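Construct the complete structure from the given sequences, taking the supplied hints into account.
Residue numbers (the working numbering), protein chains in the order written: chain H, 1 to 275; chain Y, 1 to 275.
Careful: at least some of the hints might be erroneous.
Identical copies look the same in the list; a pair holds intra-copy or inter-copy alike.
The calculated BS3-like cross-link candidates involving lysine-lysine, where the alpha carbons are at most 30 Å apart (straight line), are [claimed, not checked]:
#1 K34 <-> K73
#2 K73 <-> K27
#3 K224 <-> K266
#4 K260 <-> K247
For the record, the hints were derived by calculation from the structure and aren't laboratory data. Predicted model only: the values in this text are computed from it and were never measured.
There are 2 protein chains.
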Amino acid sequence: MTNSALFKQIKAKASYLCVGLDIDLEKIPPHLLKTEDPLFSFAKSIIDATHRYAVAFKPNLAFFETYGVQGWKSFEKVMRYLNKQYPNHFTIADAKRGDIGNTANRYAKAFFETYGVDAVTVAPYMGKDAVEPFLAYQDKNAILLALTSNEGAKDFQFTKEQGLLLYQKVLQISKSWQGAERLMYVVGATKAESLQSIRKIVPDSFLLVPGVGAQGGSLAEVTKNGMNSHCGLLVNSSRGIIYASQKEDFANAAAAEAQKMQTEMKSYLEIAGLV
Amino acid sequence: MTNSALFKQIKAKASYLCVGLDIDLEKIPPHLLKTEDPLFSFAKSIIDATHRYAVAFKPNLAFFETYGVQGWKSFEKVMRYLNKQYPNHFTIADAKRGDIGNTANRYAKAFFETYGVDAVTVAPYMGKDAVEPFLAYQDKNAILLALTSNEGAKDFQFTKEQGLLLYQKVLQISKSWQGAERLMYVVGATKAESLQSIRKIVPDSFLLVPGVGAQGGSLAEVTKNGMNSHCGLLVNSSRGIIYASQKEDFANAAAAEAQKMQTEMKSYLEIAGLV
Numbered sequence: 001m002t003n004s005a006l007f008k009q010i011k012a013k014a015s016y017l018c019v020g021l022d023i024d025l026e027k028i029p030p031h032l033l034k035t036e037d038p039l040f041s042f043a044k045s046i047i048d049a050t051h052r053y054a055v056a057f058k059p060n061l062a063f064f065e066t067y068g069v070q071g072w073k074s075f076e077k078v079m080r081y082l083n084k085q086y087p088n089h090f091t092i093a094d095a096k097r098g099d100i101g102n103t104a105n106r107y108a109k110a111f112f113e114t115y116g117v118d119a120v121t122v123a124p125y126m127g128k129d130a131v132e133p134f135l136a137y138q139d140k141n142a143i144l145l146a147l148t149s150n151e152g153a154k155d156f157q158f159t160k161e162q163g164l165l166l167y168q169k170v171l172q173i174s175k176s177w178q179g180a181e182r183l184m185y186v187v188g189a190t191k192a193e194s195l196q197s198i199r200k201i202v203p204d205s206f207l208l209v210p211g212v213g214a215q216g217g218s219l220a221e222v223t224k225n226g227m228n229s230h231c232g233l234l235v236n237s238s239r240g241i242i243y244a245s246q247k248e249d250f251a252n253a254a255a256a257e258a259q260k261m262q263t264e265m266k267s268y269l270e271i272a273g274l275v
Numbered sequence: 001m002t003n004s005a006l007f008k009q010i011k012a013k014a015s016y017l018c019v020g021l022d023i024d025l026e027k028i029p030p031h032l033l034k035t036e037d038p039l040f041s042f043a044k045s046i047i048d049a050t051h052r053y054a055v056a057f058k059p060n061l062a063f064f065e066t067y068g069v070q071g072w073k074s075f076e077k078v079m080r081y082l083n084k085q086y087p088n089h090f091t092i093a094d095a096k097r098g099d100i101g102n103t104a105n106r107y108a109k110a111f112f113e114t115y116g117v118d119a120v121t122v123a124p125y126m127g128k129d130a131v132e133p134f135l136a137y138q139d140k141n142a143i144l145l146a147l148t149s150n151e152g153a154k155d156f157q158f159t160k161e162q163g164l165l166l167y168q169k170v171l172q173i174s175k176s177w178q179g180a181e182r183l184m185y186v187v188g189a190t191k192a193e194s195l196q197s198i199r200k201i202v203p204d205s206f207l208l209v210p211g212v213g214a215q216g217g218s219l220a221e222v223t224k225n226g227m228n229s230h231c232g233l234l235v236n237s238s239r240g241i242i243y244a245s246q247k248e249d250f251a252n253a254a255a256a257e258a259q260k261m262q263t264e265m266k267s268y269l270e271i272a273g274l275v
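Right, here's the structure in full:
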């Protein structure tokens, strides 16, 4: 999806919310475990309940992969459902893949062609030839890890070379790659103060921001420091929305949480004059 | 597998060869495409033909994942076959996974429990909490990317902080992680001269060395600079072995290439007094 097509969706919904589908069978309402495909049943209910408040959905691949072939069948069903029912929603396979050229090609083919996702999260450690195969798809995106929101982020992402931190170097260098206009970046919201420096390096790129909600990031801070003239933000919430209730009312509870975030987002978009 | 158990296998076979299963349906002998499961048929033939010369097999997940659910079924079959027929061989899922704690848990569960592999390759960018869940399994290993053999390795892995390169920092810092005795490292063979500096940081760890053969690394150089008192090396060859012939004699041709490497390895193990 081009930045402008995504911005169009953001304006239409007055939302830059991405709902993360980190589906843990130990946390979903117990009555769903009796359905034929609990992963899909839960995902479908959450998608149907929240789609009007969200512009993107982000299935977390580990939570499908952990169930082997059955899990991949569920992921395939989720993607088929999304592409059929909600073709205007931006879909992100949160897979954090990263491998050399001829292997990266295969991952790109898997996600973009076999499953029909719009974007894949990708790890930067192996450099350019691990990412460019994803950027070769004209209407697809790669979302490169820059600054993550976890504790371990500090182990390597702040490695400093001539005044530049590694995550800043990742942003800087990746801008020169073939197809870089289709790059987006993962930027952890718990480091909202870093967003200003990030925006200096990639003023125009979309940033996928996890860590708002359960991980403690503030939507107001992220928006203040990260929003650009075409919004440029996708703020993800997973647990805060999908596990808002673990009872039979879970879908309504998820919708209420998503709506709360969308309402706040709408106000920020209005202040910025974007809707 | 413990280092000493792996060393025992290396001595028994007089080999530290890992056969990489990067199975490209466009490169396998055409007559196999008519079988019910070409990925599995090819893998089985290669495994049967080369197992006596190798201590490890490394399926590359991208080449299975790219075929969706069918590809995962094939991977499951390959792992079941390996675990049943060749339980003493060390199996490596070359998946390069890396994500935050609760997600990393799921990946570890998938590979170690669902598929029964011995080791998974893991990316370091997200730090400690992306790797430790893999190290929590007492009889399993995580193989952390340090220095890779691809062109893009130079983009970030040589980032220099106070005289230390990023890949050296990855080695250094990861040594302090919980379960670090179960860590191994990916070290690209095309940088054989770097092996000496790597051995200073991780003298005892096993190194998985890709890039010998098709990618131009020299087995003699790698061995000279990387071997330790319990061998400490797994040298991988994928394309050089599995595509030695693309005709009906492919299995014999693969066996011949594997044997050639094993014979050379045996001579180095003898010189080192390890067999």
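Comparing the hints with the structure gives:
1. Both within a single protomer and between protomers do K34 and K73 lie at most 30 Å apart by alpha-carbon distance, with minima of 17 Å and 24 Å respectively.
2. For the homomeric pair K73 and K27, the shortest alpha-carbon distances inside one copy (20 Å) and between copies (27 Å) are both at most 30 Å.
3. Taking the closest pair of Cα atoms, K224 and K266 come within 30 Å of each other only inside a single copy of the chain (13 Å); across copies the shortest separation is 63 Å, beyond that limit.
4. When the C-alpha separation of K260 and K247 is checked against a cutoff of 30 Å, the pair qualifies only within one copy, where the shortest distance is 20 Å, while the shortest distance between copies is 62 Å.
The earlier numbered hints are all upheld by this structure, with none contradicted.
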